[in-house]
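Those protein sequence lines, which keep their order, are chains F and H.
Just so we're aligned: the first sequence equals residues 1 to 200 in our numbering.
Just so we're aligned: the second sequence equals residues 1 to 650 in our numbering.
Think of the hints as simulated: they come from the structure by calculation, not from any bench.
Keep in mind that a hint or two might mislead.
[As the list claims (entries may be wrong)] Covered stretches of chain F, as calculated for chain H (at least 3 residues, CB under 8 Å):
1) 91-98
2) 160-166
3) 170-180
[Said to hold, decoys possible] Using C-beta positions, here's what the derived DEER-type ranges look like:
4) F:99 <-> H:381: 29 to 37 Å
5) F:78 <-> H:501: 46 to 54 Å
6) H:330 <-> F:78: 48 to 56 Å
7) F:174 <-> H:568: 27 to 35 Å
8) F:171 <-> H:302: 36 to 44 Å
9) H:644 <-> F:24: 31 to 39 Å
10) F:198 <-> H:611: 35 to 43 Å
11) H:424 <-> F:174: 51 to 59 Å
12) H:568 <-> F:73: 25 to 33 Å
13) H:462 <-> F:78: 32 to 40 Å
14) F:23 <-> H:622: 40 to 48 Å
15) F:78 <-> H:366: 42 to 50 Å
16) F:165 <-> H:55: 43 to 51 Å
Note that beta-carbon positions come from the ideal geometry of N, C-alpha and C, so glycine has one too.
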Amino acid sequence: MFQKISIIAFLVTLACIVLHRIVVPSNKRLPGNSTSDRLSIIGMLRILVYLAVLFCFVVLAITGFYPTLILGKHITGYLVMVHATFAPVFAVCLAVLAVMWARRWRFTGGDWPLFERIVRWATLANNPDGYTFHKSSVLGKKISFWLIIFLALPLILSIVLSMLPLFGTHWQEILLSMHGYTALVFTMVAILHTYFIIRT
Amino acid sequence: MLKRLEERIDCTLRKGLILTGFLCLLVLCLSALTVCFESEAAGAETPSKLLGDESDGSRAHPTHLIPLVAENEDGEQGGKIYPDDDPLLPFSTRWTCGECHSYGIISKGWHFSAADPNISPGRPGQPWILADARTGTQIPLSYRSWPGTFKPEQLGLSSRAFVKLFGRHTPGGGAGELETEDMDEIMREYVSGKLEINCLSCHNAEFAHNQGESFLQIARGNFRWASAATCEFASVSGSAADMPDTYDPFMPEPPEDAKKVPPTIKYRETAFDHENKVNFNIVREVSDNRCYFCHSNLYLEAEDTEKWNMDEDIHLAAGLKCVDCHRNGIDHSIIRGYEGESSASANHLAAASSCEGCHLGEKDSSSPVAGRLGAPVPEHRGIPVVHFERMTCTACHSGPWPANKTILTKTSRAHRLGTIGVNKSHEALPHINSPVFAEQENGKIAPHKMVWPAFWGIIKDQDVTPIDFEVVKETVGQVLANEKLPVSGDWPALSDENVTEALKSLKGTVEGEPVYVSGGKIYSLDDSGELWQEEHKAAEPYLWPIGHNVRPAAQSLGIRYCTDCHSTDEPFFFGDVAVDSPVVTGRGTKKMVEFQDVDPSYARAFAFSFVFRPMMKIVCLCSCAIIAVVLLLYALKALACVVKVLAGSD
Chain F
1 MFQKISIIAF LVTLACIVLH RIVVPSNKRL PGNSTSDRLS IIGMLRILVY
51 LAVLFCFVVL AITGFYPTLI LGKHITGYLV MVHATFAPVF AVCLAVLAVM
101 WARRWRFTGG DWPLFERIVR WATLANNPDG YTFHKSSVLG KKISFWLIIF
151 LALPLILSIV LSMLPLFGTH WQEILLSMHG YTALVFTMVA ILHTYFIIRT
Chain H
1 MLKRLEERID CTLRKGLILT GFLCLLVLCL SALTVCFESE AAGAETPSKL
51 LGDESDGSRA HPTHLIPLVA ENEDGEQGGK IYPDDDPLLP FSTRWTCGEC
101 HSYGIISKGW HFSAADPNIS PGRPGQPWIL ADARTGTQIP LSYRSWPGTF
151 KPEQLGLSSR AFVKLFGRHT PGGGAGELET EDMDEIMREY VSGKLEINCL
201 SCHNAEFAHN QGESFLQIAR GNFRWASAAT CEFASVSGSA ADMPDTYDPF
251 MPEPPEDAKK VPPTIKYRET AFDHENKVNF NIVREVSDNR CYFCHSNLYL
301 EAEDTEKWNM DEDIHLAAGL KCVDCHRNGI DHSIIRGYEG ESSASANHLA
351 AASSCEGCHL GEKDSSSPVA GRLGAPVPEH RGIPVVHFER MTCTACHSGP
401 WPANKTILTK TSRAHRLGTI GVNKSHEALP HINSPVFAEQ ENGKIAPHKM
451 VWPAFWGIIK DQDVTPIDFE VVKETVGQVL ANEKLPVSGD WPALSDENVT
501 EALKSLKGTV EGEPVYVSGG KIYSLDDSGE LWQEEHKAAE PYLWPIGHNV
551 RPAAQSLGIR YCTDCHSTDE PFFFGDVAVD SPVVTGRGTK KMVEFQDVDP
601 SYARAFAFSF VFRPMMKIVC LCSCAIIAVV LLLYALKALA CVVKVLAGSD
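Taking the hints into account, I'd like the entire structure generated from these sequences.
Okay, here's the thing in structure tokens:
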């Protein structure tokens with residue numbers, strides 16, 4: 001079941017990316033990606049963290065999904081070891097990523113024009129001068145970023161809590177399923193996020 | 001002319017009528033005969049139920065005040081036994097108990113059906129082990145088709161010889177009642193009788209029942225007398241084995257040799273009532289003591305192996321009896337209690353009576369069945385579900401706690417425990433090692449007992465078949481006659497030279513290429529007569545699962561932490577399994593992991609990773625905390641924005 005759902009989910013994600021690529025033309029550099037960051041040490045560190053998260057994610061996704069999708073069985077053997085070795089590094093990097101990039105990817109009034117308009121209509125507020133609405137890929141990046149951060153919690157907790165003597169067999173099964181499905185959504189979101197980053 | 005023609009027609013018609021009538025009569029007779037045979041055949045297939053085949057629903061024990069019935073010289077039902085009969089014959093369970101219980105149905109039961117090829121062998125179980133220190137032999141035997149065991153006839157053992165060796169720890173029947181075409185065997189069988197099913201082995205609740213007597217009587221060849229000898233009101237003396245082939249136990253003549261005593265039975269006078277009936281204290285629910293006679297295990301963990309040092313199985317301690325789980329009906333298809341037994345067993349309670357059946361309940365059951373007999377439903381907190389896919393319940397809960405090295409283990413059947421003159425030495429053959437955590441056929445790891453086969457055989461196309469044991473005794477026994485046998489009953493210390501000499505002697509005696517199988521290897525002579533050895537499939541150890549004793553949850557593997565097993569120095573994966581062999585150079589150890597279909601380096605690396613496991617959990621939990629704080633912070637900020645907007649302060 002999980003195998004089928006995963007394959008469909010990945011195909012849908014891929015289709016979405018292709019569709020987006022066709023429908024929405026490539027953006028030029030947008031505000032929020034200033035070149036000054038790259039020059040500072042903090043900026044370089046931020047990018048390094050991003051790359052570290054991306055690398056860990058790739059390793060975890062391959063070791064996690066390869067046995068399930070390709071071999072049709074649970075993760076086992078050396079793959080478990082690699083998976084379990086990179087998992088804590090990934091968790092740490094995600095935490096650092098959240099700290100370092102949260103402000104950068106916070107939502108602003110201009111991120112969601114429709115929502116903005118509704119709020120302004122509801123509150124009868126005026127549009128302040130010089131306020132520009134961001135394009136969809138920036139919004140996509142922000143949403144996917146926060147989804148990644150949010151999904152990281154059930155993703156990590158579902159497996160760590162199952163290692164503690166808290167839950168019985170029934171809940172162990174639930175936690176394991178939760179880990180699998182959360183990982184699936186997380187992977188989809190991460191792929192989209194990476195796509196948006198590359199695209200802009 | 002016309003008249004003559006009429007007469008001829010009349011004559012022809014008459015003949016035709018007579019012929020037709022005759023044919024009709026013939027058809028009628030044949031039909032009647034066919035119907036008669038069919039009904040007889042149908043009657044044979046579905047015999048009518050006897051009085052004791054089906055309970056009337058009363059849970060009370062029926063009183064068994066019954067006459068004793070003997071077997072006659074044709075092996076059929078004889079007459080009733082009276083205390084003043086001359087000669088006094090032993091009662092036959094087939095005809096005494098069989099009066100009310102269908103002996104034919106019972107004889108298909110698990111305990112009696114080993115020699116029946118139509119009965120599914122099920123999961124490999126404990127074999128009979130033919131052990132002989134003098135010839136360096138230790139070979140697992142079974143009439144059941146368990147891979148790794150050999151059929152007795154492969155070693156030249158007739159069913160009678162087999163029963164003489166191992167019938168002591170059976171409830172009779174099976175090989176004891178096999179038909180033979182060998183005239184010598186038939187003549188001996190007339191003297192000694194067949195070893196009938198001894199119903200009393202299990203169902204006699206009398207304290208004075210002496211199952212150990214069965215060993216003595218079988219050793220004396222008193223098969224016909226064995227059942228009666230075990231019960232509390234009969235005693236048997238003499239030996240059928242001492243009697244000549246011409247001896248007639250139904251019309252006994254005094255033996256020529258006055259020192260030899262023919263088999264004789266005496267019944268306690270008070271056993272018979274005024275109607276010459278005898279009261280048997282028969283119970284349906286067999287006591288554990290009866291099971292223990294054949295199913296005791298002695299784990300030689302320490303020097304002091306007295307019973308009081310050890311705890312009983314947790315189920316017995318909780319008040320259950322063996323037969324509460326190991327149940328059967330009149331067909332005696334007793335539940336063995338392993339996972340997946342329902343596919344091999346005719347017992348409809350097989351699935352419900354396994355560990356999972358009682359403790360977890362059957363998944364497809366329409367009503368809740370978990371917790372049967374008060375079985376606690378386990379939570380298994382913190383145990384990843386993969387453990388239940390890769391391990392049996394017994395892996396964590398049964399057998400002795402694993403030690404750094406497997407321990408020698410004695411069983412009733414292998415070491416004839418509970419009988420007279422047992423060698424109590426720890427090293428007495430056969431050498432059974434346990435617990436060995438090995439992978440089963442179903443891919444799950446379970447604790448096992450293990451025996452390394454050691455025997456002399458012939459190799460052909462990589463298949464090794466054992467040489468007739470009598471031939472081995474004559475040839476190899478003679479070659480190794482000067483080797484010192486330890487008083488403990490342990491192996492003699494054989495050298496490579498001993499094996500070479502024995503193989504050379506066999507080469508001149510048997511056809512084909514003789515080999516010696518021992519310690520996981522086969523030894524053979526090359527063209528130049530030099531000894532060479534290699535690991536071989538035929539030399540692989542035979543393993544059978546440990547079911548009992550079940551330890552309480554608080555003493556199960558993993559109760560303290562994962563490192564009960566997942567540690568580089570824990571025996572579950574890295575314990576030493578003794579490689580047992582009479583050849584001194586062939587002795588050694590293997591690692592437990594080699595029996596588990598697990599890559600040893602992976603197992604070691606995985607076990608080592610558990611050093612960092614607590615740290616990993618802390619790191620992950622701290623990371624989660626930081627992420628949660630960031631999420632909370634920005635959620636609050638978002639809320640502040642919304643509040644601002646809603647407050648109109650923009």
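Going through the numbered hints above, which ones does this structure break? Give me the numbers in ascending order. When the structure is compared with the hints, none of them turns out to be violated.
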